[in-house]
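K.L.:
For reference, the chains in residue letters:
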Amino acid sequence: MNTCIFEKHYDIIIIGGGATGAGTARDCAMRGLSTLLVERYDFTTGATGRNHGLLHSGARYAVTDQESATECIDENMILRYIAKPYVEEHDGLFITLPEDDLAYQEKFVESCWKAGINAKIIDPKEAIQMEPSVNPTLIGAVQVPDGSIDPFRLTMANVLDAQLHGAQVLTYHEVTGFIIENGRVMGVYLRDNITGEKREARAEITINAAGIWGTLVARMAGVNVSMFPAKGSLLIFGHRVNNMVINRCRKPANADILVPGDAITVIGTTSDRVPIESVDDMHVTPEEVEVLLSEGAKLAPALATTRILRAYAGVRPLVASDNDPSGRSISRGIVCLDHETRDGLAGFITITGGKLMTYRMMAEVATDMACSKLGVQQKCQTATTPLPGSDKSTVEEPENHLYAFNARVGRHGTLAPSIAAMDDYQNSLVCECEEVSVGEVAHAIENMHVRTLTQLRRRVRLGMGTCQGELCALRAAGILCASCKKSIEEEMADLAEFLNERWKGMYPVGWGSTLSEAQLTSIIYQDLCGITSPSMKDRRQEP
Amino acid sequence: MATDLQLTNISEKDLEQCLKCSICTVYCPVSSVTPLYPGPKHAGPDGERYRIKDRRFYDEDALKMCLNCKRCEVACPHGVQIGDIIQTARIKYSRHPVGLRDFMLANTDLLGSVATKAAPIVNYMTKAAPVKSILHNVMGIEKNRTFPDYTSRTFESWYKKEAAAEQDKFEKQVSYFHGCYVNYNFPQLGKDLVKVMNAIGYGVKLLDKERCCGIALITNNMPNLARKQGKMNLKSMRHSVEQGRPIIATSSTCTFTMRNEYEHILHLDNEIAKNNLSLATRFICRLVEEGKVRMAFRKDFHMKVAYHTPCHMERLGWAVYSTNLIKKIPGVDFQMLESQCCGIGGTYGFKKENYNISQKIGENLFLQIREAQVDYVVTDCETCKWQLEMSVPIPVINPISLLAQALDVEETRKLNQL
Chain V
1 MNTCIFEKHY DIIIIGGGAT GAGTARDCAM RGLSTLLVER YDFTTGATGR NHGLLHSGAR
61 YAVTDQESAT ECIDENMILR YIAKPYVEEH DGLFITLPED DLAYQEKFVE SCWKAGINAK
121 IIDPKEAIQM EPSVNPTLIG AVQVPDGSID PFRLTMANVL DAQLHGAQVL TYHEVTGFII
181 ENGRVMGVYL RDNITGEKRE ARAEITINAA GIWGTLVARM AGVNVSMFPA KGSLLIFGHR
241 VNNMVINRCR KPANADILVP GDAITVIGTT SDRVPIESVD DMHVTPEEVE VLLSEGAKLA
301 PALATTRILR AYAGVRPLVA SDNDPSGRSI SRGIVCLDHE TRDGLAGFIT ITGGKLMTYR
361 MMAEVATDMA CSKLGVQQKC QTATTPLPGS DKSTVEEPEN HLYAFNARVG RHGTLAPSIA
421 AMDDYQNSLV CECEEVSVGE VAHAIENMHV RTLTQLRRRV RLGMGTCQGE LCALRAAGIL
481 CASCKKSIEE EMADLAEFLN ERWKGMYPVG WGSTLSEAQL TSIIYQDLCG ITSPSMKDRR
541 QEP
Chain R
1001 MATDLQLTNI SEKDLEQCLK CSICTVYCPV SSVTPLYPGP KHAGPDGERY RIKDRRFYDE
1061 DALKMCLNCK RCEVACPHGV QIGDIIQTAR IKYSRHPVGL RDFMLANTDL LGSVATKAAP
1121 IVNYMTKAAP VKSILHNVMG IEKNRTFPDY TSRTFESWYK KEAAAEQDKF EKQVSYFHGC
1181 YVNYNFPQLG KDLVKVMNAI GYGVKLLDKE RCCGIALITN NMPNLARKQG KMNLKSMRHS
1241 VEQGRPIIAT SSTCTFTMRN EYEHILHLDN EIAKNNLSLA TRFICRLVEE GKVRMAFRKD
1301 FHMKVAYHTP CHMERLGWAV YSTNLIKKIP GVDFQMLESQ CCGIGGTYGF KKENYNISQK
1361 IGENLFLQIR EAQVDYVVTD CETCKWQLEM SVPIPVINPI SLLAQALDVE ETRKLNQL
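Here the protein sequences line up with chains V and R, keeping their order.
Note that my numbering has the first sequence beginning at 1, numbered continuously upward.
Note that my numbering has the second sequence beginning at 1001, numbered continuously upward.
A few of these clues could be false.
As the list claims (entries may be wrong) - Residues from chain R that face chain V, not an exhaustive set, calculated with beta carbons under 10 Å:
hint: 1; residue: Glu1012
hint: 2; residue: Cys1021
hint: 3; residue: Pro1038
hint: 4; residue: Gly1039
hint: 5; residue: Lys1041
hint: 6; residue: Tyr1050
hint: 7; residue: Asp1059
hint: 8; residue: Ile1091
hint: 9; residue: Thr1116
hint: 10; residue: Glu1371
hint: 11; residue: Asp1375
The hints are simulated quantities; they were obtained by calculation from the structure and are not laboratory data.
Bear in mind that the values here come from a model prediction, so they are computed numbers and not experimental data.
Every residue gets a Cβ at the ideal spot worked out from N, C-alpha and C, and that includes glycine.
With the sequences and hints as input, model every part of the structure.
P.N.:
Have a look at this one:
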């Protein structure tokens, strides 16, 4: 690792490689601050990578939480502009079923308008025409500007832009403690989670953007941030069942959002309090699968007979309002804590709460606070400057036809032409389900902090399709082994880990074609190639 | 339990039953000769997931390389209708208007009825070098191809004058779906069929109205016309069944189209065809094996033949009926060719952009035939016949014609107490 990273004194250290951390790094770097982002594992391993990928219109919160609703619609419009290739603008429906109270619709629409959300009541028949998969017994429908967003690529684009503006980024570096001198946080102690090496990095201000883990990070600095981990489980269906987001027009409840994204559809979520000790090891239970499926089928009946690819769960970083340790008044809004005024610990800020949708605003709030402490006058530009891949230029389809071209543009926007596609080898597909080419894999390895198959999956969707890595894992492993100069043993262990991770998500929905698929995968890799599970000592403690 | 809800996975053409095992791609004749075709798995179930998202993912150049042989569907261990997914995508997502060439190649009925009126001139013209050059350069019809000759007297007009009157004498009757090839190009096969059926005690009637089965319209993106013609055929079949006449055909592709494609691609209710339409060889073979009819053969008939399994015959799973029937002829020295695509794919191989692929696909089959040194190649598909005859100097005939040659008609009539 580049040692000069650790010799430098930064303006800002940001802890956490989720959307908020990456967004904050971008904001800080764009304002000219020297910035270091540290993440204990890979980017997007927490709640950022474990949600619906819903581009909220805010309508869901309109009735219960006007502030969140307004934040959502503002950020919704901003993201459509700054993150164009990572957003799908397909709108959403809030449907009323016979068992729901139609009177709620009026209150709902009124609240939406108050928050500035363009909600439009439409005829149920028209709703069926617009979205043929919707439950045909619906008695009411409202159209709202929902969409979907790819949190992996969004986060990566923020990281790339932060780096373009001079930020340093360290993945697999875990904060093990704080350097505190004279009541002031001066930096962090780090452990390299790959080599085990111990380092330290220093900065004027350290921002804790570690999501639910923020409570543990704060504890290391000796301050208390009360969080209430709320587990949410989701299911991924094998293809796009719906082309518009479908929500229930009632008070938010379990499994009432169905989001199409890329080539799949996601139903979610459940909501259960879990102990903070368990957040590194989330499993989806049979009861949750049952609720998601039976409630989901009320939104779109086809779900009852559609193949489920996998199940996953994330943990929301809900924060108890200050001075309320009981946690009764939990907010979904943004919480930015200045530990200097709150706890008498200077140089330390915690940014938490909020949602994926408001990651940019959270970053802005945290950066504003940091700037005022540093006496920096620069204004935030993240709302008006497009992310890499979203600039205004258009991507021309090349003359010689490549069947992965559209997928590539879908994933990388205007960065797509920088992906090598010169010859048959570079154009050949590694992942067939998601159309990931050799060139795209090479691009990710080179530019996006990729050393393992799981990281590759988060960057380019490799292994996220129907076969869940059955065909692509081996091919990608070969490329990784060669490009990253890894030993064969190391790559074999990576391969086994990747396949185990895929199986973890298939296991809760292991029936029908998904079970057959898993069986075929295990025959190929275990019986045919002789790959076995990594022994416990070799296994990295990564979620 | 959640699994109760999920007892069945239902997806369009069993798209989601695909386990990505890729065995379909192994059996795809196009994939085996060119890397430009992504293969049935990728063009079919993989691509469909993305086409559902956005029609921009429809890749016309790749998908039109599929020759609709359906061997992928035969290979699939999970019953995914891969070929149907690809054909349907072409119909659903293509925005290209149908060109003149494809229109002409596909409208076999229209072309046939015009061409037969001036058959000698048309036949001369289509073989003349300058015409071929124009067809090749202007229209995109491969110059190395030769169109089958048109007949000046269609099967239907022969039948009406020469055969129709006789048929009422038979107690048992069938309707014959002759297809465009028998009608406009090769009435002899129809005559052979009438001869064989009459010998085993069946009268042969025609359908009230017969239109081209529509396979070429389907593969050339004219589903509406295909549907119209399909409806008419199904109506005629219904009437025939009401009169107590099941329907038989001599073309495996026509039969396959009306039994499978009508339902899967055109979404027609074709129960009547599925229950009552059969290939003549299957119809006869079953009768013989059930002991309902008997056949006697000429003592002086000796022939060495090899059977080629057409792709759609493979998909129907019926090659066994044709081969069993051929093997019943005592004078036949029978050889089975390895089942593989000949490369013509109906109109596919006539298009100049496909010619090289088409010939490459058939190469191994041609080699097998040359090495077999037989008198005849026997097959149930007329377009396979054209391809093989254009590529190997050995005559190709339908099993019914072979049967007609070998049959001792008088003895057979006696055996069946006629």
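K.L.:
It remains to establish, for every hint, whether it holds in the given structure.
P.N.:
Taking the hints in turn, this is what the structure says about them:
Hint status for R:Glu1012: holds, given a least beta-carbon distance of 9 Å to chain V, under 10 Å. Hint status for R:Cys1021 relative to chain V: holds, with the closest Cβ pair at about 6 Å, below 10 Å. Among the interface hints, the one on R:Pro1038 holds; its C-beta lies about 6 Å from the nearest C-beta in chain V, closer than the 10 Å criterion. Given the 10 Å rule on beta carbons, the hint for R:Gly1039 holds: about 9 Å separates it from the nearest Cβ of chain V.
Interface hint status for R:Lys1041: upheld, as the beta-carbon distance to the closest one in chain V is roughly 7 Å, under 10 Å. Hint status for R:Tyr1050 relative to chain V: holds, with the closest Cβ pair at about 5 Å, below 10 Å. The beta carbon of R:Asp1059 is positioned within 10 Å of a beta carbon in chain V (closest approach about 5 Å), and the interface hint is therefore held. At its closest, the beta carbon of R:Ile1091 sits 19 Å from a beta carbon of chain V; the interface hint therefore is violated under the 10 Å criterion.
A cut of 10 Å between beta carbons decides the hint on R:Thr1116: the least distance to chain V is about 41 Å, and the hint is violated. Taking 10 Å as the C-beta cut-off, the interface hint given for R:Glu1371 is violated, the closest approach to chain V being about 34 Å. Against a cut-off of 10 Å between C-beta atoms, the interface hint on R:Asp1375 is violated, since the closest Cβ of chain V lies about 45 Å away.
Checked against the numbered hints above, the structure breaks hints 8, 9, 10, 11 and satisfies the rest.
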